[in-house]
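Here's the letter readout for the chains.
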Amino acid sequence: MPLIPHLPNSVGVGYKPQHLDDILAGSGSVKWLEIHAENYMSAGGPPIAQLKRLAEQFPISCHGVGLSIGGERPLDKAHLNRLKHLISWLKPASFSEHLAWSTHEGGFLNDLLPVPYNMDTAKRVADHVNEVQDTLNVQMLLENPSVYVAFAASTMDEITFINEVVSRTGCGLLLDVNNVFISGTNQEYSPEDYIANFPVEHIGELHLGGHIKDQDEHGAPLLIDSHNDKVVDPVWTLLDTLLKRSGPKPILVEWDNDIPDWSILEAEAARATAALEAIS
Amino acid sequence: MSQSDFSKALLDNERPTPEGLIDPQGRPAGKRFDVYRNNVVLSLSDALSDAYPVVQKLVGDKFFQAMAGVFVRQYPPKSPILSQFAPEFPDFLAAFPPVAQLTYLPDVARLEKARTEAYHALDATPIDGAALAALTPEQMANAKLRLHPSLHIISSPFPVFAIWRKNSDTPETTIPKHGQDILIARPNDMVEMRTLPPGAADFLRALNADRTLGETIEFCEKIPLFDLTENIGGLFESNLLINIES
Numbered sequence: 001m002p003l004i005p006h007l008p009n010s011v012g013v014g015y016k017p018q019h020l021d022d023i024l025a026g027s028g029s030v031k032w033l034e035i036h037a038e039n040y041m042s043a044g045g046p047p048i049a050q051l052k053r054l055a056e057q058f059p060i061s062c063h064g065v066g067l068s069i070g071g072e073r074p075l076d077k078a079h080l081n082r083l084k085h086l087i088s089w090l091k092p093a094s095f096s097e098h099l100a101w102s103t104h105e106g107g108f109l110n111d112l113l114p115v116p117y118n119m120d121t122a123k124r125v126a127d128h129v130n131e132v133q134d135t136l137n138v139q140m141l142l143e144n145p146s147v148y149v150a151f152a153a154s155t156m157d158e159i160t161f162i163n164e165v166v167s168r169t170g171c172g173l174l175l176d177v178n179n180v181f182i183s184g185t186n187q188e189y190s191p192e193d194y195i196a197n198f199p200v201e202h203i204g205e206l207h208l209g210g211h212i213k214d215q216d217e218h219g220a221p222l223l224i225d226s227h228n229d230k231v232v233d234p235v236w237t238l239l240d241t242l243l244k245r246s247g248p249k250p251i252l253v254e255w256d257n258d259i260p261d262w263s264i265l266e267a268e269a270a271r272a273t274a275a276l277e278a279i280s
Numbered sequence: 281m282s283q284s285d286f287s288k289a290l291l292d293n294e295r296p297t298p299e300g301l302i303d304p305q306g307r308p309a310g311k312r313f314d315v316y317r318n319n320v321v322l323s324l325s326d327a328l329s330d331a332y333p334v335v336q337k338l339v340g341d342k343f344f345q346a347m348a349g350v351f352v353r354q355y356p357p358k359s360p361i362l363s364q365f366a367p368e369f370p371d372f373l374a375a376f377p378p379v380a381q382l383t384y385l386p387d388v389a390r391l392e393k394a395r396t397e398a399y400h401a402l403d404a405t406p407i408d409g410a411a412l413a414a415l416t417p418e419q420m421a422n423a424k425l426r427l428h429p430s431l432h433i434i435s436s437p438f439p440v441f442a443i444w445r446k447n448s449d450t451p452e453t454t455i456p457k458h459g460q461d462i463l464i465a466r467p468n469d470m471v472e473m474r475t476l477p478p479g480a481a482d483f484l485r486a487l488n489a490d491r492t493l494g495e496t497i498e499f500c501e502k503i504p505l506f507d508l509t510e511n512i513g514g515l516f517e518s519n520l521l522i523n524i525e526s
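Those sequence lines, one after another, are chains A and B. Throughout the first sequence, residue numbering follows our numbering, covering 1 to 280 in sequence. Throughout the second sequence, residue numbering follows our numbering, covering 281 to 526 in sequence.
Listed next, the in silico BS3-like pairs over lysine-lysine satisfying Cα-Cα at most 25 Å (straight line):
| hint | chain 1 | residue 1 | chain 2 | residue 2 |
| --- | --- | --- | --- | --- |
| 1 | A | K84 | A | K16 |
| 2 | B | K311 | A | K213 |
| 3 | A | K77 | B | K358 |
| 4 | A | K249 | A | K31 |
| 5 | A | K91 | A | K31 |
| 6 | B | K288 | A | K77 |
| 7 | A | K16 | A | K249 |
| 8 | A | K52 | A | K91 |
| 9 | B | K288 | B | K358 |
| 10 | A | K230 | A | K31 |
| 11 | A | K16 | A | K230 |
| 12 | B | K358 | A | K84 |
It is worth saying that the hints were derived from the structure and are not from the lab.
One chain only, chain A, in its complex shape (with noise of 0.2 Å):
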């Protein structure tokens, strides 16, 4: 496959078009910025000739939130080919999409839904996994999820599910510490594990974000992936712990909903900074 992620191991952010002037003025610790990719499909209009202007001074990441990769249902072509075309004119450092599934025979869920870890699902995913990196000619980050509820039909922990998909596909993979964190709280395994042996050799790219806090109905804390808030500092400490692990890997701040001046996360940016100076 010949384009290979190549994002830069520094820091980006979500790019969030109220944010284009203070970007423009100056990025400070921001070196790159984040797309997502469904937003840059239209005919025409401001949005693409924004993104346009921004491609000329920035790397830009494509990260896909509706292919629906972990779906029973076939991928959409007509999707696919959208993807294609937008990969083909931005040219992207990277291209990313979720294992997760959003689309059913009614239309688009709008959601990151879950699936069962067993040989199936695995065969599944790589499959659509194989089709998207076929179609757009280019390696893609497959991203770990935030989860809430677990499958009885699951047979796999996350990370044996994730080396499968990788061994079939040769795909790279967007580690988001904060669904660790996420996923571990609400699934009662340890974050700290799974960082220890998540295979960090086929990281192409980090996520932080922040969530919040709720509990289920018999108490057990049930943390929701939220996008609206600051990073944790477990969160933090988990990234410190695996960048010792894996060494400098291009770090995404993601802030999507409530979403705050550019100063305010322009500060997470300098915090993810300073957590990629400190091992270098």
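Starting from the structure of chain A, add chain B where the hints point.
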């Protein structure tokens, strides 16, 4: 449990949590499944609110949220491109009994839908009047004027442009008692709107229906108060003309 069962339960709170979904202790996942239910309905309701802010203002936030919950379960997006979400919303409003008294509401929604479509439409560069002036009268009669791809026209028996303005950027707007024809287009970066003079909506629709300028004029001359010079001038003033095929 299939993803079909999972998704049906997501969109219908009356259905039980699908079997086989558990918590780490092996107990059935109740509230944990509800997180997905909430995410789906809230995120789609937010997308609906982003697309139809003036409808939301007119009915109030609380009512809009409740109505969005009904709408998004009935019409989930057909594709992951959320800027194309909810084209069914104006017709849904027209058939939704709790807003039957607000007879103008579906047309306000049509106006908002047209604004979104104009914003995301294909870009095109307007041309100036010289190209038309250079034609002979015969060439002009046979010419086909190509209009900007972002152009939309809304004809409503209600003053929906005034209602839209009063509830968005110009609260001091006076609302007339008559209906309005409204032009919506994005010739450059901004979506622009204006009310149209008599016959102009038919004039623009005829041009967009692939009629020649001669046929269009013949058709429009029968419309009372139609002013051809004003309408041709309007095409250039609003940067709507992108090509002349002669």
